[in-house]
Amino acid sequence: MSVSIKDVDDNAFRNLKAEAVRRGLKVGDAATEAFRMWVASKRQARAKDRERMLEAARDMDLLRVEKGEAWSGAEEIRRWRDKRKR
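In our numbering, the protein residues as written are 9 to 94.
One or more hints might be untrue.
What the hints assert, rightly or not - With a straight-line cut-off of 25 Å between C-alpha atoms, the simulated DSS-like cross-links for lysine-lysine are: (1) 75 / 91; (2) 25 / 50; (3) 91 / 56; (4) 14 / 50.
Rather than coming from a laboratory, the hints here were simulated on the basis of the structure.
Please construct the entire structure, taking both the sequences and the accompanying hints into account.
Given below as structure tokens:
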């Protein structure tokens, strides 16, 4: 497939092209690999976020059971946010 991409950073393209030449690749093949790696990294980040959300939900469920009505999910979330800010 032939593709034209606008607004590519000159430095980024030169670096990609230079690395492709060093490795004996066509620029298109190197760009394809870069596209695949970028998409994979975004998918991996989403999966990690999902794992963290599921873990947090499990923790909150345990706290609800242990503490009963005295426990506030909103207060717990505020504590987590405060910890992240430090």
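Here is what the structure says about each hint:
1. 75 / 91: Given that 25 Å is the threshold and the Cα spacing comes to 21 Å, the pair holds.
2. 25 / 50: Given pair residue 25, residue 50 holds - Cα atoms ~23 Å apart, limit 25 Å.
3. 91 / 56: holds (19 Å)
4. 14 / 50: holds (22 Å)
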